[in-house]
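This is what each chain is made of:
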Amino acid sequence: MNAFVLADCTTVDGALSQLKDGAVVKAGGVDLLDRMKNGTAQPEKLVNIRNIPALRGIEETDKGLKIGALATLTEISEHPAIRKQYQILSDACGSAATPHIRNMATVGGNLLQPVQCWYYRSADFQCLRKGKDLCFAFNGLNQYHAIMDYRTCPAVAPSSAAVALFGLDANVELVSSKRGQRVVSIKDFYVHPDANPTKFAVIEPDELLTAVVIPKPAAGTRSAYQKYGEKDSFDWAIADAGVVLEMDGNICRKAIVTMGAASPVVRRSAQAERELTGKPITEATARAAGKAAMEGATPLSMNAYKVDLFPVAIYRTVRLAAGQMDRDPRAAG
Amino acid sequence: MSAHEDSHSNPGSQQKEELLKHEPGGDPPRNGITRRGFLKGAGITAAGTALLEGVHGFNTAAQSTDPGVKVLGPGAVPVTLSVNGKDHAIQIEPRTTLAEALRIQIGLTGTKVICDRGSCSGCTVWLDKMPVNSCTMLAIDALGRHVTTIEGLSEAGQLHPVQAAFVKHDALQCGFCTPGMVMSCAALLESNSHPTEQDVRHAISGNLCRCGTYARIFAATLDAAGTSRKA
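Protein sequences appear in the order of chains A and B.
All letters in the first sequence, in the order written, are residues 1 to 333 by this note's numbering.
All letters in the second sequence, in the order written, are residues 1001 to 1231 by this note's numbering.
Bear in mind the hints are in silico, worked out from the structure with no lab data behind them.
Heads up, a few of these hints could be off.
No more than 27 angstroms apart at the CA atoms, straight line, and that leaves these computed lysine-lysine pairs for DSS-like [what the hints assert, rightly or not]: (1) B:K1112 with A:K231; (2) A:K37 with B:K1112; (3) A:K37 with B:K1070; (4) A:K84 with A:K216; (5) A:K254 with A:K63; (6) A:K216 with A:K254; (7) B:K1168 with B:K1112; (8) A:K178 with B:K1070; (9) A:K187 with A:K254; (10) B:K1129 with B:K1168; (11) A:K130 with A:K37; (12) A:K37 with A:K20; (13) A:K20 with A:K216; (14) A:K20 with B:K1070; (15) A:K187 with A:K199.
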């Protein structure tokens, strides 16, 4: 790891004043240290926001939920109100990485981690996402890569929390010293590599992610998230599903189905949602949703298995959200 | 996805660790010649000297006038780290991980660094009572917290119930993952004195044992919980 200057900040304004000349924000530091040890990030200056009290805490308001950027994945997954009303989020945060990493990793850092593609993460490969012109995954090892929505880079969306936050229609609060605060919908937060391969999210280098804000769910809302990996722990998903159902008695008035490990940016599957909306949740409709979610899938040379796995993940998570099935013991976390 | 993990075996890191042990206030004095002590004695080279100069480098960073900002490094800065109930005054660079500070500066080598990426939890220590990967956090982030390592788990020469149960159940083979395993299992008992096997599985889901001694680790931890109940 290269040597660096650490600006240890206790206020948001203090941190913003330091965010210039290539300085990089550090919160939990989990993903950043990983990239620095790999040599793919070599910042000369880190801005430590970990000691800023204003960025901590999970607050319930009459409008919903405000989660400080420094809330850890453990704090979110164990929060009683989140477990009760925003289960998709407690599930997603509780199944990321390992228990010990969840104790350190913050929601802000989880949302902002760059892709976990092994070519991107290796200092030996100068790929498209690092500003060069070649993607190694198309003709290389691509078993964990995307099956939909990719043209230039098939690395998949890495954040489990984002899969939940797309389902919850969350907003992200960003602040800079020059332009003040702005609120961005999670749907507009990520930049697709086809549009700009080196920019992962709309956040600018002088901006700080301060909070995630989640609107209060409508009455009758039930949700769930499940993740499937090669290992039970410390692994990114090979398939995952976030499901939010607005139920009116037996009928699903509104459905949101999200996937992370299918595409470069978290994908909401309108096809799957169509199969559930206005219908009862049954074995048949849940199966149909899973199948519909794979319409238009174009797997790479080594990941056709995902086209079989996602429908199962979606089917089981729809049934779990509806209270018709227990958590899958084979799901990770 | 673990292919990127391959790059962790940077050939310089072992040598650097040994060289850095020349820090004042390093290993506690031991009797006789140890492997580690021998390597320390034999390890100084021109490259090593250069490395050490880097460690002791002067703190030349411009200080901020903002009261909400303290600028540290890139050279070593004096800090006090509370480990196992004792304050340790050490010099660390901002980039020093907690695992490096514990092993190299303070000499508590019971904490093992295996993957150095947070993927094996071999380096588990407690921050207050919370288990964390000491390889994946900066030592500076442990300031103001109480760090507990495997060396601090026993009290008054008595093994912690989890340690005793590991011995009783022979819950180790090569032993390299054991300090991390014990810290994870003992942390579980701190927060849940009556765990089920599922709870134990969950608590150590990040701890890898390549020898595959998991079944005995579950048994030892459940047994230790029984011991705790009687106590």
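Here is how each hint holds up against the structure:
For the proposed pair B:K1112 and A:K231, the alpha carbon gap of about 23 angstroms is at most 27 angstroms, so the pair holds. At roughly 17 angstroms between alpha-carbon atoms, A:K37 and B:K1112 fall within 27 angstroms of each other, so this suggested pair holds. Distance restraint check for A:K37 and B:K1070: the Cα-Cα separation of roughly 24 angstroms lies within the 27 angstroms cut-off, and the hinted pair is therefore satisfied. Restraint check for A:K84 and A:K216: the C-alpha separation of about 12 angstroms stays at or below 27 angstroms, so the hint holds.
Pair hint A:K254 plus A:K63 holds up; C-alpha atoms about 20 angstroms apart against a cutoff of 27 angstroms. Only pairs whose Cα atoms come within 27 angstroms are accepted, and A:K216 paired with A:K254 is accepted, the gap being roughly 15 angstroms. A C-alpha spacing of about 22 angstroms is found between B:K1168 and B:K1112, which places the hinted pair at or below 27 angstroms, so the restraint holds. Distance hint between A:K178 and B:K1070 is fulfilled; the C-alpha atoms sit about 22 angstroms from each other, no more than 27 angstroms.
At roughly 18 angstroms between alpha-carbon atoms, A:K187 and A:K254 fall within 27 angstroms of each other, so this suggested pair holds. At roughly 25 angstroms between alpha-carbon atoms, B:K1129 and B:K1168 fall within 27 angstroms of each other, so this suggested pair holds. Restraint check for A:K130 and A:K37: satisfied, since their Cα atoms lie roughly 17 angstroms apart, inside the 27 angstroms limit. Under the criterion of a C-alpha separation no larger than 27 angstroms, the hint pairing A:K37 with A:K20 is consistent with the structure, at around 23 angstroms.
Only pairs whose Cα atoms come within 27 angstroms are accepted, and A:K20 paired with A:K216 is rejected, the gap being roughly 36 angstroms. With a CA separation close to 16 angstroms, the supplied pair A:K20 and B:K1070 stays within the 27 angstroms bound. For the suggested pair A:K187 and A:K199, the alpha carbons sit about 15 angstroms apart, so the restraint of at most 27 angstroms is met.
Hint 13 alone, counting from the list given before, is not met by this structure.
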